[in-house]
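Enquirer: Take a look at the letters that make up each chain.
There are 2 protein chains.
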Amino acid sequence: MNIDEIVKEANKAKIKLMGLSTEIKNRALEAVAKNIEKNKEKIYEANKKDLECAATLVESGKITKATYGRLKLDENKMRDMIQGIYDVIKLEDPVNKTLFARELDDKLILKKVTTPIGVLGIIFEARPDVISQISSLAIKSGNAVILKGGSEANNTNAAIFEIITEALNYVEGFPKNAVNLVFSHDDIKEMLSKDGYIDLIIPRGSNKLVKYIQENTKIPVLGHASGICHIFVDKSADFDMAKKICIDAKIQYPTACNAVETILIHKDFAHQNDLKAALKEANIEVIENPEEFGVEYSDTILNIKVVEGLNEAIEHINTFGSHHTDSIITNDNENAEIFMNNVDSAGVFKNASTRFSDGFRYGFGAEVGISTNKTHARGPVGLDGLCIYKYKLEGHGQTVKEYAAGEKTFKHKDL
Amino acid sequence: MNIDEIVKEANKAKIKLMGLSTEIKNRALEAVAKNIEKNKEKIYEANKKDLECAATLVESGKITKATYGRLKLDENKMRDMIQGIYDVIKLEDPVNKTLFARELDDKLILKKVTTPIGVLGIIFEARPDVISQISSLAIKSGNAVILKGGSEANNTNAAIFEIITEALNYVEGFPKNAVNLVFSHDDIKEMLSKDGYIDLIIPRGSNKLVKYIQENTKIPVLGHASGICHIFVDKSADFDMAKKICIDAKIQYPTACNAVETILIHKDFAHQNDLKAALKEANIEVIENPEEFGVEYSDTILNIKVVEGLNEAIEHINTFGSHHTDSIITNDNENAEIFMNNVDSAGVFKNASTRFSDGFRYGFGAEVGISTNKTHARGPVGLDGLCIYKYKLEGHGQTVKEYAAGEKTFKHKDL
Numbered sequence: 001m002n003i004d005e006i007v008k009e010a011n012k013a014k015i016k017l018m019g020l021s022t023e024i025k026n027r028a029l030e031a032v033a034k035n036i037e038k039n040k041e042k043i044y045e046a047n048k049k050d051l052e053c054a055a056t057l058v059e060s061g062k063i064t065k066a067t068y069g070r071l072k073l074d075e076n077k078m079r080d081m082i083q084g085i086y087d088v089i090k091l092e093d094p095v096n097k098t099l100f101a102r103e104l105d106d107k108l109i110l111k112k113v114t115t116p117i118g119v120l121g122i123i124f125e126a127r128p129d130v131i132s133q134i135s136s137l138a139i140k141s142g143n144a145v146i147l148k149g150g151s152e153a154n155n156t157n158a159a160i161f162e163i164i165t166e167a168l169n170y171v172e173g174f175p176k177n178a179v180n181l182v183f184s185h186d187d188i189k190e191m192l193s194k195d196g197y198i199d200l201i202i203p204r205g206s207n208k209l210v211k212y213i214q215e216n217t218k219i220p221v222l223g224h225a226s227g228i229c230h231i232f233v234d235k236s237a238d239f240d241m242a243k244k245i246c247i248d249a250k251i252q253y254p255t256a257c258n259a260v261e262t263i264l265i266h267k268d269f270a271h272q273n274d275l276k277a278a279l280k281e282a283n284i285e286v287i288e289n290p291e292e293f294g295v296e297y298s299d300t301i302l303n304i305k306v307v308e309g310l311n312e313a314i315e316h317i318n319t320f321g322s323h324h325t326d327s328i329i330t331n332d333n334e335n336a337e338i339f340m341n342n343v344d345s346a347g348v349f350k351n352a353s354t355r356f357s358d359g360f361r362y363g364f365g366a367e368v369g370i371s372t373n374k375t376h377a378r379g380p381v382g383l384d385g386l387c388i389y390k391y392k393l394e395g396h397g398q399t400v401k402e403y404a405a406g407e408k409t410f411k412h413k414d415l
Numbered sequence: 001m002n003i004d005e006i007v008k009e010a011n012k013a014k015i016k017l018m019g020l021s022t023e024i025k026n027r028a029l030e031a032v033a034k035n036i037e038k039n040k041e042k043i044y045e046a047n048k049k050d051l052e053c054a055a056t057l058v059e060s061g062k063i064t065k066a067t068y069g070r071l072k073l074d075e076n077k078m079r080d081m082i083q084g085i086y087d088v089i090k091l092e093d094p095v096n097k098t099l100f101a102r103e104l105d106d107k108l109i110l111k112k113v114t115t116p117i118g119v120l121g122i123i124f125e126a127r128p129d130v131i132s133q134i135s136s137l138a139i140k141s142g143n144a145v146i147l148k149g150g151s152e153a154n155n156t157n158a159a160i161f162e163i164i165t166e167a168l169n170y171v172e173g174f175p176k177n178a179v180n181l182v183f184s185h186d187d188i189k190e191m192l193s194k195d196g197y198i199d200l201i202i203p204r205g206s207n208k209l210v211k212y213i214q215e216n217t218k219i220p221v222l223g224h225a226s227g228i229c230h231i232f233v234d235k236s237a238d239f240d241m242a243k244k245i246c247i248d249a250k251i252q253y254p255t256a257c258n259a260v261e262t263i264l265i266h267k268d269f270a271h272q273n274d275l276k277a278a279l280k281e282a283n284i285e286v287i288e289n290p291e292e293f294g295v296e297y298s299d300t301i302l303n304i305k306v307v308e309g310l311n312e313a314i315e316h317i318n319t320f321g322s323h324h325t326d327s328i329i330t331n332d333n334e335n336a337e338i339f340m341n342n343v344d345s346a347g348v349f350k351n352a353s354t355r356f357s358d359g360f361r362y363g364f365g366a367e368v369g370i371s372t373n374k375t376h377a378r379g380p381v382g383l384d385g386l387c388i389y390k391y392k393l394e395g396h397g398q399t400v401k402e403y404a405a406g407e408k409t410f411k412h413k414d415l
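Line by line, the protein sequences give chains P and F. Just so you know, my numbering puts 36 at position 36 of the first sequence, and the rest follows in order with no gaps. Just so you know, my numbering puts 33 at position 33 of the second sequence, and the rest follows in order with no gaps.
Treat the hints with care, as some may be off.
Identical copies go unnamed one by one, so any copy, or any two together, can satisfy a pair.
Claimed, not checked - Pairs of lysine-lysine, DSS-like flavour, derived with a Cα cap of 27 Å: (1) Lys34 - Lys65; (2) Lys411 - Lys97; (3) Lys48 - Lys97; (4) Lys244 - Lys401; (5) Lys49 - Lys72; (6) Lys211 - Lys189; (7) Lys97 - Lys112; (8) Lys401 - Lys48.
If you are wondering where the hints come from, they were derived from the structure by calculation, not from laboratory data. Every value quoted in this text rests on a predicted model; they were computed, and no experiment measured them.
Just chain P, same shape as in the assembly (with noise of 0.2 Å):
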């Protein structure tokens, strides 16, 4: 099928996905999971065929090391993979809950009911991984899903996806080309032209995949192109915590985007000095350098700005932070309100590190991504993320002509 195609029928898929029961979507899961774990050697094998192509492409440096590493599927990932999906069976279905129940007039009832969104298009780069844990989590909120993997695991993707497909096929009442999967770097291009016909995309990679995916497509786009995030450390902030917290921000995962780049100290706080040679002897790099500000390292490097207080503190996030998570830290109830109030960002967080915004950690049991967006959802996004909701109403021939004359009045009763 080409692209227009995959479009069209994975259309036809949200449909039927929308009305399943749980039941049906917990067996099609269990179903792709028995199948991963029965053809595990065959993902092995088209994995060794990209990493073979890809440790040539290291040698001539098309590629990182680090990008052959997310690559390679060893037996530690294969297991996650596993286990990922049946962590996905345990999942409330977000599908079909009541948000609400109105009675708006006698015997005509109107009901707030999540539903899936319809069809998401997700772009990934390298780890092949990725295929069986957005394809669960796509089943389980019933929305139907158009992968584009990185061509560097086509032959490992192209496996993987073979294999959850073969074991849908199987399952009743689960709809066919509920996931699709394609190849060409074109289809990048088509995806993001599908307004109407695609969702919602997703990106999942490189900042610069992320940039260019935003700023190339009408349809909604949820993640984060980058993670700037901050620590502030108020005057009155017990040093011992401001330590181990700023080494926590930045040592524990320094690549991740909960990683803290730059600190802010209140010009105040007692213990200038020894933060600094205390994140220098945590082996990180300490600079203070304007010309910074806003720059994500992904790195141990930590750039350092005095300021005046807790407003120029929340300007600079506001300013130069991508709106992700932003810490303060201090021993000043009032100053962490102002903060928590007035940053901008998806997490504002009191005595407590930046790699804390994480959905696994929030308890979401699942995570499509971190977003940074103002609407529909923002921060770390669970399954809830992949629905949206619909009004019901049932009457009993009710005509709004009554109401707008005057003659029947809404009661507006909530049950």
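Go by the hints and put chain F onto chain P.
Expert: For chain F alone, kept in the frame of chain P given last:
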């Protein structure tokens, strides 16, 4: 100020608006209502100027009589405008509501709290009363707003805007430049290019305007370009009910977006001809034209299609509808359930007129617009649709390291 400066100032105002108390917001709204009341005559004078100009445009055929009518402010509209503001004061503050609170671990509390979206861009046509309506909704939801009205109403818009600004400038604690108005046609293009600085665009006007905006911006657009609503009269439908609902859905307000355009009749519905006759008797022009499926008549015209059954009806609606509001008339509960699950529209009704699809009728107290989007907000949108949320995490020095190392585990206990 030029548009760049306005956008910049609005982004400053938005930060201050985010943390504003309900009290200050309501005080601001009251000041606005009182100042409009006090300066009614100024508004009428400005409106008179616009009307004189518009009268010549009607004569030369450049604007319609309907546009002239929407432009004209009379005593009733003025009273509604002022009352509308007092109504918004009474609405619950949508900001700073805790959507959930969770103990991630001892003394590590996560809260998901509603916040304003940020800066709204409102692009509207002839009706100058939109300014006060949207400004009040923006104020109540803590959003900054940039308004662009139709040029026919420039004098009226400017007068109302000045009166609003004058009132707001005297409210202690209320930020400057929260409400902004731009005038030139070029400003629309400029507004649409400000992604990252304007967070949500809400168009209020013709299908053409909405479509233009949707196709020319990367900013999320809340609204609907067209309202192509259907009624499916099932085999088991009660004839009197079908008649009553079909007539109401068309006649009660033929130009409304939630008026019905196409009636799908089950081939075995016994009263097919009676229904057609009844529609004609109600002065509806009944046509049966497959070429016009998906046409929004905005007039007392109904297209009719006889269908094989429920599945064809659902497929027709999902293909030709605008995902706005569709209703089934039936006595078969199972069919109703299938219809309501599988029709992919913001409103899916059973035995009720499509005209109920409306924020006031749903009991929202205010309506920003009706959305056919698949993300953020769908269906009639109330004040909630102008909000998003942020995650507030309060810790006592916790770092991620211990959890990653397995020394500590999360509790994830909902509070």
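Enquirer: Against each hint, give a clear statement of whether it holds in the structure.
Expert: Against the structure, the hints:
no.	hint	result
1	Lys34 - Lys65	neither (32 Å within a copy, 67 Å between copies)
2	Lys411 - Lys97	both (24 Å within a copy, 25 Å between copies)
3	Lys48 - Lys97	neither (44 Å within a copy, 52 Å between copies)
4	Lys244 - Lys401	between (66 Å within a copy, 10 Å between copies)
5	Lys49 - Lys72	within (11 Å within a copy, 72 Å between copies)
6	Lys211 - Lys189	both (14 Å within a copy, 22 Å between copies)
7	Lys97 - Lys112	both (8 Å within a copy, 19 Å between copies)
8	Lys401 - Lys48	neither (69 Å within a copy, 34 Å between copies)
Hint violations for this structure: numbers 1, 3 and 8, all remaining hints satisfied.
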